[in-house]
Amino acid sequence: MIEMAMTFAFACFGLGLLICLWRVMFAPTIPDRILALDTMVVNMIALIVLYGMHHKSGLYFEASMLFAMTGFVSSVAYAKFILRGDIIE
Amino acid sequence: MIADILISVLLVIGGVFGLVGSYGLVKLPDLMTRLHAPTKASTLGVGGVLLASMGYALVNGGGSWHELLITLFLFLTAPITANFIAKAWMARHVTEADLPPTGGERTWATLDLSDLPMQPELTPPPPPGRAT
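Sequence order for the protein chains is A and B.
With the numbering used here applied, the first sequence covers 1 to 89.
With the numbering used here applied, the second sequence covers 1 to 132.
Keep in mind the hints are simulated off the structure, nothing from the lab.
Here a beta-carbon is modelled for each residue, glycine too, at the ideal position from N, C-alpha and C.
Please note that a few of the clues may not be correct.
[Said to hold, decoys possible] Pairwise CB distance ranges (calculated):
1) A:G85 - B:G129: 47 to 53 angstroms
2) B:P79 - A:K56: 42 to 48 angstroms
3) A:A63 - B:F75: 15 to 21 angstroms
4) B:G62 - A:I88: 16 to 22 angstroms
5) B:D30 - A:S57: 38 to 44 angstroms
6) B:P101 - A:L15: 43 to 49 angstroms
7) A:I88 - B:W108: 45 to 51 angstroms
8) A:A77 - B:P100: 27 to 33 angstroms
9) B:P100 - A:H54: 50 to 56 angstroms
10) A:L15 - B:T102: 40 to 46 angstroms
11) B:N83 - A:G85: 17 to 23 angstroms
12) B:L6 - A:F81: 39 to 45 angstroms
13) A:Y51 - B:M1: 21 to 27 angstroms
Using the sequences and the accompanying hints, generate a full structural model.
As structure tokens, then:
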């Protein structure tokens, strides 16, 4: 039963990732692109965690943690660059 | 058995919320409404998956509370990112005419593109001597 639920979650987050990719490619405004990239990071974290569950391994925890941190910093840096034309003033 | 059902339910709920969050990114009409979908639904979906992962590790022995760390981090950072994206959108799409006056000399911080540092309006210190 857990395997089936896991497959369902894999499919959901994979589809979400594809939707975000479409939004990154055809975004109406630049902040939309940042938002789509940020959502891609969130979906990716879920996929990494699910992959770790699938392999019954605790190894993927660190990967997802690092992904969350770099994702946050890059989203904020991109938004700040769009906002002011400079990241650290 | 109960743990299995609980973990499966958490996984399914997490998957549905994650999908709804990503779908809202395409469905909703403009950026300020579009911000709601990923920051709320997607974060909740990832939270569900992380809880399921924690439960799964606990059932299989040798579990840990590590996953709560990612959940906490995501719940803390999602509003900050959303705020920055909203500010970036406002800087490009909102003019001063759309906003109420600030009541000061400077305009709103988001629209203020001058390089002057922000200076708070300090009240002058009281003159020395005994207060009357």
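Go ahead and decide if the range 15 to 21 angstroms is satisfied by the Cβ distance of A63 of chain A to F75 of chain B.
holds (20 angstroms)
Fill in: F81 of chain A and L6 of chain B - C-beta distance against the hinted 39 to 45 angstroms
holds (43 angstroms)
Inset, instruction - Could you check the hint for me, namely that D30 of chain B and S57 of chain A are 38 to 44 angstroms apart, CB to CB? - result: Once the Cβ atoms are compared, 42 angstroms apart, the range 38 to 44 angstroms for S57 of chain A and D30 of chain B holds.
Exercise. Within 43 to 49 angstroms or not, the Cβ separation of P101 of chain B and L15 of chain A?
Worked result: Taking Cβ atoms as reference, P101 of chain B and L15 of chain A lie about 46 angstroms apart, which means the hint holds.
* Asked: When you take the CB atoms of P100 of chain B and H54 of chain A, is the distance between them in 50 to 56 angstroms?
  -> holds (53 angstroms)
- Taking 27 to 33 angstroms as the hint, is the beta-carbon distance of A77 of chain A and P100 of chain B inside that range? Since A77 of chain A and P100 of chain B have Cβ atoms about 31 angstroms apart, the given range 27 to 33 angstroms holds.
*asked:* The hint says 40 to 46 angstroms between L15 of chain A and T102 of chain B; measuring C-beta to C-beta, is that right?
replied: The hinted range 40 to 46 angstroms holds for L15 of chain A and T102 of chain B, with Cβ atoms some 44 angstroms apart.
- Item | Cβ separation of P79 of chain B and K56 of chain A, checked against the hinted range 42 to 48 angstroms | violated (33 angstroms)
*asked:* Assuming the hint says 47 to 53 angstroms, is it satisfied by the Cβ distance from G85 of chain A to G129 of chain B or not?
replied: holds (49 angstroms)
When you take the CB atoms of Y51 of chain A and M1 of chain B, is the distance between them in 21 to 27 angstroms? For Y51 of chain A and M1 of chain B the Cβ distance comes to about 25 angstroms; the hint holds.
Handout entry: Outcome for the supplied range 16 to 22 angstroms, where the beta carbon pair is G62 of chain B and I88 of chain A
Key = violated (42 angstroms)
Notebook entry, point to check: How does the Cβ-Cβ distance of N83 of chain B and G85 of chain A compare with 17 to 23 angstroms: does it lie in that range?
Noted result: holds (19 angstroms)
When each numbered hint is compared with the structure, violations occur for hints 2, 4 and 7.
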